[in-house]
Amino acid sequence: MRVSTSLTFHHLTSALRAAGLVLALLVLAPLGAKAQTWMVSTDAYIKMGVMDKFGQLGEYSAKFVVTDQTSGKAYVLVKQVTAGRNGIDVIFPSEATESDYFKTETGEAAQARPGRYVWECQVGGKKVVGGRFSLPETANDVTLLDNKKK
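Residues in the sequence shown are numbered from 17 upward in steps of one, following our numbering.
No incorrect hints appear here.
In silico EDC-like pairs for lysine to aspartate or glutamate, Cα to Cα no more than 20 Å straight-line:
{"#": "1", "residue 1": "LYS95", "residue 2": "GLU75"}
{"#": "2", "residue 1": "LYS89", "residue 2": "GLU111"}
{"#": "3", "residue 1": "LYS95", "residue 2": "ASP105"}
{"#": "4", "residue 1": "LYS79", "residue 2": "ASP105"}
{"#": "5", "residue 1": "LYS142", "residue 2": "ASP105"}
{"#": "6", "residue 1": "LYS63", "residue 2": "ASP105"}
{"#": "7", "residue 1": "LYS79", "residue 2": "GLU121"}
{"#": "8", "residue 1": "LYS95", "residue 2": "ASP116"}
{"#": "9", "residue 1": "LYS89", "residue 2": "GLU153"}
{"#": "10", "residue 1": "LYS143", "residue 2": "ASP84"}
Now the in silico label distances, taken between C-beta atoms and shown as ranges:
{"#": "11", "residue 1": "TYR61", "residue 2": "ALA99", "range": "25 to 31 Å"}
{"#": "12", "residue 1": "ARG132", "residue 2": "VAL92", "range": "15 to 21 Å"}
{"#": "13", "residue 1": "GLY36", "residue 2": "PRO152", "range": "56 to 62 Å"}
{"#": "14", "residue 1": "ALA112", "residue 2": "LEU39", "range": "45 to 51 Å"}
{"#": "15", "residue 1": "LYS89", "residue 2": "ASP116", "range": "14 to 20 Å"}
{"#": "16", "residue 1": "VAL38", "residue 2": "ASN156", "range": "41 to 47 Å"}
{"#": "17", "residue 1": "GLY65", "residue 2": "SER150", "range": "15 to 21 Å"}
{"#": "18", "residue 1": "MET67", "residue 2": "THR159", "range": "39 to 45 Å"}
Read the hints as simulated data drawn from the structure, not as lab findings. Small disclaimer: the values here were computed from a predicted structure and weren't measured. For each residue, glycine too, the CB sits at the ideal point set by N, CA and C.
Take these sequences, add in the hints, and give me the full structure.
Okay, here's the thing in structure tokens:
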């Protein structure tokens with residue numbers, strides 16, 4: 017009798033473990049999606065550059081200055097152009113996580129605020145090129161798709 021009681025107890029504990037595992041899987045299982053959700057991002061930026069067309073300077077330092085016409089803040093980025101490259105392109109505003117980015121004298125990073133800007137590039141302390149641009153307002157629309165049958 018002792019053997020049958022032990023065998024019955026073993027079957028009962030195995031059954032309880034299996035039931036517990038099934039219950040845990042049901043509780044931890046992800047719920048079915050009720051709607052499709054999309055994430056979206058829109059960034060406005062400007063690409064500007066300078067080039068020593070005939071490569072006469074060799075290596076030089078290009079200082080880009082972008083001024084926000086609304087706030088009057090000037091954002092600066094200095095890039096070294098190695099001999100043989102002749103020129104360089106930069107993106108405004110650049111990510112503050114990059115090693116070089118557009119910032120004010122106090123270290124404030126430039127942001128993509130809508131508005132009018134003027135820019136120039138200085139080499140050897142003299143303006144060599146410049147221009148104007150506007151950053152547009154950006155907006156995003158997200159549509160939720162319902163999975164329910166109608």
